[in-house]
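*Asks:* Single-letter residue listing:
Protein chains: 2
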Amino acid sequence: MTAYDALMGFTRETMALAQVAGRLGWDQETMMPRGAAEQRAEEMAALESVLHARRTDPRVAEWLTEAEPIGDVATAQLRHIRRSFERAQKVPADLASALARTTSRAQGQWAQARADEDFAAFAPVLDEVLRLRRQEAQALAQGGDLYDALLDDYEPECKAADLQAMFDALRPHLVSLRAAALEKPAPQGLSGQFDAAQQMQLATLLAQAFGYDLDNGRLDKAVHPFSSGSGLDVRITTRTDERDPFNCIYSTIHEVGHACYEQNIDRAYLLSPLGQGVSMGVHESQSRIYENQLGRSRAFTGWLFGQMRDYFGDIGVSTEEAFYAAVNRLQNGFIRTEADEVQYNLHIMLRFDLERAMIAGDLSVSDLPAAWNDRFAADFGFQVDKPSNGCLQDVHWSVGLFGYFPTYSLGNVYAGCLHAALRKDVTNLDDALATGNTLPATDWLKDKLQTHGGLRNPQDTITHACGHPPSEKPLVDYLTAKFSDLYQL
Amino acid sequence: MTAYDALMGFTRETMALAQVAGRLGWDQETMMPRGAAEQRAEEMAALESVLHARRTDPRVAEWLTEAEPIGDVATAQLRHIRRSFERAQKVPADLASALARTTSRAQGQWAQARADEDFAAFAPVLDEVLRLRRQEAQALAQGGDLYDALLDDYEPECKAADLQAMFDALRPHLVSLRAAALEKPAPQGLSGQFDAAQQMQLATLLAQAFGYDLDNGRLDKAVHPFSSGSGLDVRITTRTDERDPFNCIYSTIHEVGHACYEQNIDRAYLLSPLGQGVSMGVHESQSRIYENQLGRSRAFTGWLFGQMRDYFGDIGVSTEEAFYAAVNRLQNGFIRTEADEVQYNLHIMLRFDLERAMIAGDLSVSDLPAAWNDRFAADFGFQVDKPSNGCLQDVHWSVGLFGYFPTYSLGNVYAGCLHAALRKDVTNLDDALATGNTLPATDWLKDKLQTHGGLRNPQDTITHACGHPPSEKPLVDYLTAKFSDLYQL
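Protein sequence lines, in the order shown, are assigned to chains Z and Y.
Residue numbering for the first sequence follows the numbering used here, starting at 1 and increasing by one per position.
Residue numbering for the second sequence follows the numbering used here, starting at 1001 and increasing by one per position.
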């Protein structure tokens, strides 16, 4: 057996175990009896410790030295394995385990603090998480920029400076679009009865309409919508709110975007480093293009309007155009996950700047609420009324996800690029979308991007799909055209 | 840290990983999308290989040498760990992995062969399973009896000769009881509409009535009823047949017996060798006493009759006594799992003798169908009509479970002993059972047996609970009294 084959065999087992850990996470959010939490924590810790030992196994270093890759695929596999091994080597085992323990505790404390509107109760553990993540960033950066070191986990080769330039280019367009739209009369929202069981039936219909394969996945309810797993077992969750069916509908389409990316990767890459989405930003480009550019398009919402009336009867709006306006209406709001397409990235910019300051040591946890609230008022023009609408709204920082937020905007920008290229290649896409048929779009995405998994780095993945490097311009053009038309600006 | 503490810490992680493997098994039977099977096989194999490496880790031998246990609990923990380590050491890794691969393949082939009524299609893989298990038995027995070596996996310290004596003592009583009962007019069976969703509601009610804690478990549907997991996460499954509600009812109560044993073990033993049921026979004693001595008692079926009428309306029998007779009626039948209390152990005797002959090399796989059918006609007085009613009915041999069947009868014998002791201690038990209250019985079982987990060896576990060593006499007395009364013999 060659060193390359030995390494790939070992890696395949490690990835299979990582899938098991992921499935335990899914179980925890969907099926686990509530009294099992304490035992589950030990099960997860045992599995994580096995994974950590494998990721830092000295044999990996030997195989990496000896392996002679033949062809692009083998070269890419080795690039991923080397990256992951070098990262794992840099972080001391006791720091990794302190982070795992602390973030697990912090997540519960965050949920409680958010329910109690009590930031002070959460501050000490967040402070500890921040301290450990800064320590980890120092270990990873080895003298370089701390934030870049963390960002690299989620978006390999991306730098904060690039993101800053992207945000600077986006901001004026978003701000002026918002100002213009909010001066116009607000479109009407939905009203009616939206039975939870019927929402789940509609969610299944939508998942299948976007190409999600239920033979290799399943759809369940959970508190937070998510997608979990790679390869032949990619599961999604959604939630229902009987007053607001859009929550279920667009959460489902969003997670289907993530899940289809995983399901559509070349089966030859199964349980190998290439067999998963290549980065968070590219992943988010898939969920966002499914959700927004396709799912919130005039053509698709025209079809969806008919479905809504079939499922729920009178929904409070009576034309396809009024439904399209309701789906896409701009509103003042505190919550990132409920934001419209125009304002969403403004929420991200706020978090990006605050978390960079925290990682740099320029913003302390105790000063975070005031900093958040000041910045929110400056960016959005009204005051945060309570912590759950402010800096306690997102789970991310509690679980140590510093450097993750900007990949959401990167995903939006990538989705803008992909959508422009898709429209160029598939000129009659709206005819299909108007009948609920997403296949011309999802097949294009599968062929151009999804099937390749981790073969290219994130930026090259987008470049390969679009035919040119990514920029924010297609997103700006798309948003300007869509909302100018919708609001008659 | 002492050697004992180090060993227990290591063992705790291994047991946590074993729980994860068990939960994957549960997922496979209940939740897994069907297209995921191939990937799941690799996930399970990776986890099994981690477990095997831990079970044979040379540090365990060192710790076992150095550990100085203090007290009964520590001594018992070491006894289990030594046993498991020595067993794992004796089996070469390539044999263990060949067994895992072959039995996984064989299970699918068995299911297909059963569906096709085609024993010949199954014979080659069964032959391979038998060959590998005999090889394993040779490695384990080290010159001793092969069948005893396999039996020891399921019922530590039990010998085939003991079981033979037990069966010899049981057989004449069972045969004569059956003969006498079958001469009498058969009691009426149920008829009516038994909606599957309502059966599941009743199953939940019954699970709770027998003390199953849904905060540390859950009840789902699966093709085969089973209980899975130990400690804080013990899940059960059941099934429904719209023509036969007893299938769901008594499968559920049976699995609840297994699950309550696991749930009721002293929490101090969590994720340690003492924290699981001590043997298959003792496990089966719990499922059987819940199902039969309690669940099929006149007092409890009186209460159940009322529930059945509430759930299903007219069920075809109109008195508590007629319902009791329907629950307990003796019938000719091919299928072990559907057998009544009298005939069940006759089905086991047939399998015990045939599998001993196979392991001894005295019966070949190709001769199995004829041997089964001849023996069945001799023992039951009528001819097997098709393989799915004969030697293809049970999954056990396909997955290598030779030596497992007799633990079912051992469980019945143990249940007989426990029931006699319980009745002596709790004289007014029927008053409670007649109101659907099982607590006086289940509390007694918890206190006398379940809470102790693996503290004592199987035989001593029963002796401790009953106050005297087990014998088959209480079971014979119970069956004779119950069926003489019911059939007016």
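Any given hint could be a false lead.
[Unchecked claim] As a list, the in silico EDC-like pairs of lysine to aspartate or glutamate whose alpha-carbon atoms are at most 20 Å apart:
(1) Z:Lys221 - Y:Asp1374
(2) Z:Lys221 - Y:Asp1220
(3) Y:Lys1221 - Z:Glu66
[Unchecked claim] A short list of chain Y residues far from chain Z (calculated; beta carbon distances all over 12 Å):
(4) Arg1012
(5) Ala1016
(6) Ala1018
(7) Gln1019
(8) Trp1026
(9) Ala1046
(10) Ala1088
(11) Asp1094
(12) Leu1270
(13) Tyr1311
(14) Ala1371
(15) Asp1385
(16) Leu1401
(17) Asp1447
(18) Asp1460
Honestly, the hints are just simulated from the structure, not real lab data.
Treat the numbers as computed from the prediction; the structure is a model and nothing was measured.
C-beta: ideal position from N, C-alpha, C; glycine also.
*Asks:* Does each hint hold? Answer for all of them.
*Replies:* Results of checking the hints against the structure:
no., hint, in the structure
1, Z:Lys221 - Y:Asp1374, "53 Å, violated"
2, Z:Lys221 - Y:Asp1220, "16 Å, holds"
3, Y:Lys1221 - Z:Glu66, "51 Å, violated"
4, Arg1012, "7 Å, violated"
5, Ala1016, "4 Å, violated"
6, Ala1018, "9 Å, violated"
7, Gln1019, "6 Å, violated"
8, Trp1026, "9 Å, violated"
9, Ala1046, "4 Å, violated"
10, Ala1088, "17 Å, holds"
11, Asp1094, "16 Å, holds"
12, Leu1270, "7 Å, violated"
13, Tyr1311, "22 Å, holds"
14, Ala1371, "41 Å, holds"
15, Asp1385, "36 Å, holds"
16, Leu1401, "25 Å, holds"
17, Asp1447, "21 Å, holds"
18, Asp1460, "28 Å, holds"
Of the numbered hints given earlier, the model fails hints 1, 3, 4, 5, 6, 7, 8, 9, 12; all others are met.
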